[in-house]
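Asks: Make one complex out of these two single chains by using the hints.
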Amino acid sequence: MNNLVEIKELSFQRNSRVIFDGVNIQIPQHKITAIMGPSGTGKTTLLRLIGGQLQPASGQVTVAGENVHKLSRNGLYRLRKKMGMLFQEGGLFTHLSVFENVAFPLREHTRLSNDMIRTLVLIKLEMVGLRGARDLMPNELSGGMSRRVALARAIALDPELIMYDEPLSGQDPISMGVLVKLIRTLNDYLGLTSIIVSHDVTEVLSIADYVYAIAGGKVIGQGTPDALKADKSQQLRQFLDGLPDGPVPFHYPAEALNRDLMGDII
Amino acid sequence: MFTQITLLGRWGIDTLQELGRAGVLLFRVLFRFPNLKKGFPLTLQQIYAEGVLSLLIIVVSGLFIGMVVALQGYHTLEKFGAAQQLGPLVALSVTRELGPVVTALLFAGRAGSAVAAEIGLMKATEQLSSMEMMAVDPMHRVIAPRMWGGFFSMPMLTIIFNAVAIYGAYLIGVKWLGLDGGAFWSNMRDSVDFHLDVMNGVIKSVVFGFVVIWISVFQGYSAPPTSAGIAGATTRTVVYSSLAVLGLDFILTAMMIGDW
Numbered sequence: 000m001n002n003l004v005e006i007k008e009l010s011f012q013r014n015s016r017v018i019f020d021g022v023n024i025q026i027p028q029h030k031i032t033a034i035m036g037p038s039g040t041g042k043t044t045l046l047r048l049i050g051g052q053l054q055p056a057s058g059q060v061t062v063a064g065e066n067v068h069k070l071s072r073n074g075l076y077r078l079r080k081k082m083g084m085l086f087q088e089g090g091l092f093t094h095l096s097v098f099e100n101v102a103f104p105l106r107e108h109t110r111l112s113n114d115m116i117r118t119l120v121l122i123k124l125e126m127v128g129l130r131g132a133r134d135l136m137p138n139e140l141s142g143g144m145s146r147r148v149a150l151a152r153a154i155a156l157d158p159e160l161i162m163y164d165e166p167l168s169g170q171d172p173i174s175m176g177v178l179v180k181l182i183r184t185l186n187d188y189l190g191l192t193s194i195i196v197s198h199d200v201t202e203v204l205s206i207a208d209y210v211y212a213i214a215g216g217k218v219i220g221q222g223t224p225d226a227l228k229a230d231k232s233q234q235l236r237q238f239l240d241g242l243p244d245g246p247v248p249f250h251y252p253a254e255a256l257n258r259d260l261m262g263d264i265i
Numbered sequence: 000m001f002t003q004i005t006l007l008g009r010w011g012i013d014t015l016q017e018l019g020r021a022g023v024l025l026f027r028v029l030f031r032f033p034n035l036k037k038g039f040p041l042t043l044q045q046i047y048a049e050g051v052l053s054l055l056i057i058v059v060s061g062l063f064i065g066m067v068v069a070l071q072g073y074h075t076l077e078k079f080g081a082a083q084q085l086g087p088l089v090a091l092s093v094t095r096e097l098g099p100v101v102t103a104l105l106f107a108g109r110a111g112s113a114v115a116a117e118i119g120l121m122k123a124t125e126q127l128s129s130m131e132m133m134a135v136d137p138m139h140r141v142i143a144p145r146m147w148g149g150f151f152s153m154p155m156l157t158i159i160f161n162a163v164a165i166y167g168a169y170l171i172g173v174k175w176l177g178l179d180g181g182a183f184w185s186n187m188r189d190s191v192d193f194h195l196d197v198m199n200g201v202i203k204s205v206v207f208g209f210v211v212i213w214i215s216v217f218q219g220y221s222a223p224p225t226s227a228g229i230a231g232a233t234t235r236t237v238v239y240s241s242l243a244v245l246g247l248d249f250i251l252t253a254m255m256i257g258d259w
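Protein chains in written order, with numbering that gives the first Met the number 0: chain X, 0 to 265; chain Y, 0 to 259.
Looking at chain Y on its own, in the form it has when it is part of the complex (with noise of 0.2 angstroms):
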C-alpha cells in the first residue's frame, strides 16, 4: 500500500518537474529578444521542413477524407432528399472540426516526430554541446527556429487540407453523384459563416500548432542521448501531442460554441 503510494507521489512529482521544465523552454524561446537578421531565414527554412515538406500527405488525406465525408453524407441526405445539403455539411464539418484536428494528428506523426527525432539526435552526437561550447545558445539556433516554424505552418496547413477536403467532396457531390455544382457552392456560402466557423477552425489550428510543436521541441531536448531515449521521446511525441489535440479540441469547441 505505501509503496503505491510512494509510486503515485514519485510519478505525480516527476510529471510536475517535466511540466516546469517543458515551461522554462517555451519561456526561453518567447522572452528572449530574437536575432531577427538570423532567425528569419531559419523560420523560412523550419517552415519548408515541417510545413511544405508535409504537403503532400496533408492534400493526400483531405482529398480522401472530403471524397469519404461526401459519400457518408450523400447517403445519408438523401434518405431525407436533402441531399442539396451536401455542401454545407462537408463545409461545416470540414472547416470547424476534421481540418484543424486531422491536420494537427497528422502534423504530429509527420513533422512533430521528425522535430523531436532530430532534436535529440542532435544531442546525441553532441551537436547541441559543441554549439554552446561555440558560444551559439541552441535555443536561438536550434530550438526557437523550430517552434515558430510549426507555430506559422500549422495554420497553412489547416487552410489547406480545408480547401482539398471540400474540392474532393466537390468531385465525388457535384461530378460523380450527379448534384447541382452551382446548389452545393451557393448553399455552402449562404451556411458557412467565415467568423464562426473558418476562423475558429484557423484558431483551433493555431491552439493546435502551439502544443504540437511545443511538445516536439521539448521531448527531442530533453530525450536521453541515446537510441532508446530517441525512440521513446518520438513515441511520447506523438501520442503526448494526438491526446493534447484532441482533449484541446473539445475544450476549444465548448468555448466556441458557448458564444465565445
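Chain X on its own, in the form it takes in the complex (with noise of 0.2 angstroms):
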C-alpha cells in the first residue's frame, strides 16, 4: 500500500517545550487515518507541520513525495493545492457569504466560468447538505454547519488529502453522526486520503482506519482501530478509556501541596 503522507523522526519544539521527539508516521492513501491523544500533545501542530506552516526542528515530511519544508514557496503552495484542511474553527471568511466562501479557492486557482463556478458550488454544498443555506452568511450558522460548509470548501479543489483538525469537538448528538457519516462518505467516493486530528475516542474509532495515539511528544500505540482497543499498554488505556490519572498525570507538576499552602511555616 502507498502511502501519501510520510513522516520521519520528526521533532519540534516551542521555546523549551519539546512537542515531538522523533516522530514516526505514516498515512496509507485512501485511507482514513486517526492521530489521537490528549489535549495539548500537538496534534495540531503536527497538521500544521505537514501543511508546511511549521518548520521542524529535525526530521522530514514528506507529501506525495514531495519534502514540505525544503520546497519553495511556490512549490509548497503547489503542493497544497492538492490538500484541504478542515479548521478546528471552521476557518469561514466572515464578509464573504457561504456560496462565495465555498467558490473562493475555485476563483482563486482556476479560470473556470462563473456558470461552471455555481455548478460545481452546489454539488460541493450538496454533498454536506447545505446547497439550502448559499446565501446565509458565516454568523448565521451553528457550529456543526460552519464545519461542513469549510468542508465544502476544503473539497471544492478535488484535493488529495484532507486533514481534519478536531471536527467533532463541541458538537451535538446530531453533528457529530452528520459529520462523522460525511467524512466517511467523502473519503471512500472522491479517493481521498483522510487525516482526523481529534480525541473523541468513540466516534473516531468508529470511521478510522488505522490511529496513531500521541502522547509526550512520542507515538504511545498504533494500529487499527481493534488492535488499539485491544492494547493492554497502561498510558494507552489511560487514554482510551479516559482514567483521570495514570502515566500521563492529572496533576501539572508543582512542589508539595503542603509546601505550597503553609509556606515557610514547615
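Do not take every clue at face value.
[Claimed, not checked] Here are the simulated DSS-like cross-link-like pairs (lysine-lysine), alpha carbons at most 30 angstroms apart as the crow flies: (1) Y:LYS36 <-> X:LYS80; (2) X:LYS80 <-> X:LYS7; (3) X:LYS231 <-> X:LYS30; (4) X:LYS228 <-> X:LYS217; (5) X:LYS228 <-> X:LYS7; (6) X:LYS81 <-> Y:LYS174; (7) X:LYS7 <-> X:LYS69; (8) X:LYS180 <-> X:LYS69; (9) X:LYS81 <-> X:LYS217; (10) X:LYS69 <-> X:LYS30; (11) X:LYS80 <-> Y:LYS78; (12) X:LYS69 <-> Y:LYS37; (13) X:LYS217 <-> X:LYS7; (14) X:LYS81 <-> Y:LYS36; (15) X:LYS80 <-> X:LYS69.
[Said to hold, decoys possible] FRET-style restraints, in silico, Cβ to Cβ: (16) X:GLN233 <-> Y:LEU18: 30 to 36 angstroms; (17) Y:LEU18 <-> X:TYR251: 49 to 55 angstroms; (18) X:THR223 <-> Y:THR2: 54 to 60 angstroms; (19) Y:LEU6 <-> X:PRO172: 50 to 56 angstroms; (20) X:HIS108 <-> Y:ASP13: 34 to 40 angstroms; (21) Y:GLY180 <-> X:SER112: 16 to 22 angstroms; (22) X:ASN66 <-> Y:PHE193: 58 to 64 angstroms.
[Unchecked claim] Partial pick of chain Y residues on the chain X-facing surface, computed with a CB cut under 7 angstroms: (23) THR2; (24) GLU125; (25) SER129; (26) MET132; (27) MET133; (28) ALA134; (29) VAL135; (30) HIS139.
The set of hints was computed from the structure by calculation and includes no laboratory data.
Yeah, the Cβ is synthetic: ideal placement off N, Cα and C, and Gly gets one too.
Replies: Following this line, the structure appears as C-alpha cells:
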C-alpha cells in the first residue's frame, strides 16, 4: 500500500518545550487515519507541520513524494492545492456568504466561468447538505453547519489529502453523527486520503482505518481500531478509557501541596 | 542593577526584532509582482473601506477646525488691523500643517485601528491560516490591498480636509464676521504657493499615510490571536501612528523649510 504522507524522525519544540521527539507516522493512501491524544499533545501542530505552516527542528515530512519543508514558496503553494484542511473553528471568511466561501478557492486557482463555478459550488454544498444555505452569512450558521461549509470549501478543488482538525469537538450528537458519516462518505466516494486529529475516542475509532495515539511527544500506540482497543499498554489504556490519573499525570508539575499551602511555616 | 540592565537589553532586542519583522512584512508587500487583475478590485474595495468611509469624520473635523482657526485668527489679526489676512492665515495653517497632521491622526483612529482589528481577528479565527492552506498568500489577498488602499486614501482625504477647512473659515470670516469675500480669496491666492505650501502638505500626507497603514497592518498581522491581543494591537496602532505622525511632521517640516 502506498503512503501519501510520510513523517520520519520528526522533532519540534516551542521555546524550550518539546512537542515531538522523533515521531514516525505513515498515512496510507485512500484511508482514514486518526491521530489521537490528550489535549495539548500537539495534534494540531502536527497538521500544521504536514501543511508546511511550521518548520520542524529535525526530521522530514513528505507529502505525495515531496519534502514539504524543502520546497520553495511556490512549490509549497502548488502542493497545498492538493491538500484541504478543515480548521477547528472552520476558518470561514466572515465577510463572504456561504456560496462565496466555497467558491473562493475556485475563483483563486481556476479560470472557470461563473456558471461552472456556480455548478461546482452547488454540488459541493449538496454533498454536505447545505445547498439551501448558500446565501447565509457565516454568523448565521450553527457550529456544525460552519464545519460542513468549511468541509465543502476544503474539497472544492478536489484535493488528494484532507486534514480534519478536531472536527467533532463541541458538536451535538446529531451534528457529530452527520460529520462522522460525511467524513467516511467523502473519503470513499471521492477517493481521498483523510487525516483526523481528535480526542473523541468512540466516534473516531468507529470510522478510522488506522490510528496513531500520541502523548508526551511520542507515538504511544498505533494500529487498527480493534488492535488499539485490545492493547494493554498503560498509557494507551488511560487515554482510551478516560482514566483521570496514570502515566499521563492529572496534576501539572508543582511542589508538594503542604509546602505550597504552609509556605515557610514548615 | 543587573536586572535592570538585562531588562533594558531584552527590551532593545525585542524592539529590534519587531522592527525587523515589520521590515520583512513591508518587503513582502512591496517587492512582489502584483496580480493587477485580482489586486486592483481588492485595492478599490479598501479605498472605499479606509477612505470613503472615513469621509464623514474628515469632513466634519475639517469644517470645525477651519471655523475655529478662522475665529481665533480673526480676533488676533484684528488687534493689528490685519483682519483681511485671515484667508492666507487659514490656508497656510491648513495646507502646511493642520490638514496632513489632523487627517493622519483621524485616519489612524478611524481606519488604522479598524484595519489592525480586522487583520487580528482574521488571524485569531484562523481565516489567514485557512487562506494559506488554500494556497492563497494572505500578503497578496489581505495585507497588500489594505496597504495600498490606505496609501492612496490618505492624500485624497487630506485634500478634502483642506478644502472643507478653508470653506469653514470662509463661512466664519466672510459670512459671519463680515470680511470682504473678494479680499479673502485674492489674499489667499497671492500668499499661498502651490508647490511650497499645497504640494508639500500633500507630500507629508503621502508619508503619513504610508507610515500609519504600515503600522496598522503590521500590528494586526503580528497580534497574538486572543481578544486581549487584538485590543492591544488596535491601541498600539493608534498610539504608535500618532507619535510617528507628530515626529515625522517635525522632520519633514524642518526639511521643507530648509529649502529641501
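Asks: Determine for every hint whether it applies to the structure shown.
Replies: Status of each hint after checking the structure:
no. : hint                                      : in the structure
1   : Y:LYS36 <-> X:LYS80                       : holds, 21 angstroms
2   : X:LYS80 <-> X:LYS7                        : holds, 23 angstroms
3   : X:LYS231 <-> X:LYS30                      : holds, 25 angstroms
4   : X:LYS228 <-> X:LYS217                     : holds, 19 angstroms
5   : X:LYS228 <-> X:LYS7                       : holds, 26 angstroms
6   : X:LYS81 <-> Y:LYS174                      : violated, 69 angstroms
7   : X:LYS7 <-> X:LYS69                        : holds, 14 angstroms
8   : X:LYS180 <-> X:LYS69                      : violated, 36 angstroms
9   : X:LYS81 <-> X:LYS217                      : holds, 28 angstroms
10  : X:LYS69 <-> X:LYS30                       : holds, 26 angstroms
11  : X:LYS80 <-> Y:LYS78                       : violated, 74 angstroms
12  : X:LYS69 <-> Y:LYS37                       : holds, 29 angstroms
13  : X:LYS217 <-> X:LYS7                       : holds, 12 angstroms
14  : X:LYS81 <-> Y:LYS36                       : holds, 24 angstroms
15  : X:LYS80 <-> X:LYS69                       : holds, 17 angstroms
16  : X:GLN233 <-> Y:LEU18: 30 to 36 angstroms  : violated, 51 angstroms
17  : Y:LEU18 <-> X:TYR251: 49 to 55 angstroms  : violated, 36 angstroms
18  : X:THR223 <-> Y:THR2: 54 to 60 angstroms   : holds, 57 angstroms
19  : Y:LEU6 <-> X:PRO172: 50 to 56 angstroms   : holds, 53 angstroms
20  : X:HIS108 <-> Y:ASP13: 34 to 40 angstroms  : holds, 38 angstroms
21  : Y:GLY180 <-> X:SER112: 16 to 22 angstroms : violated, 59 angstroms
22  : X:ASN66 <-> Y:PHE193: 58 to 64 angstroms  : holds, 60 angstroms
23  : THR2                                      : violated, 21 angstroms
24  : GLU125                                    : holds, 4 angstroms
25  : SER129                                    : holds, 3 angstroms
26  : MET132                                    : holds, 4 angstroms
27  : MET133                                    : holds, 5 angstroms
28  : ALA134                                    : holds, 4 angstroms
29  : VAL135                                    : holds, 5 angstroms
30  : HIS139                                    : violated, 10 angstroms
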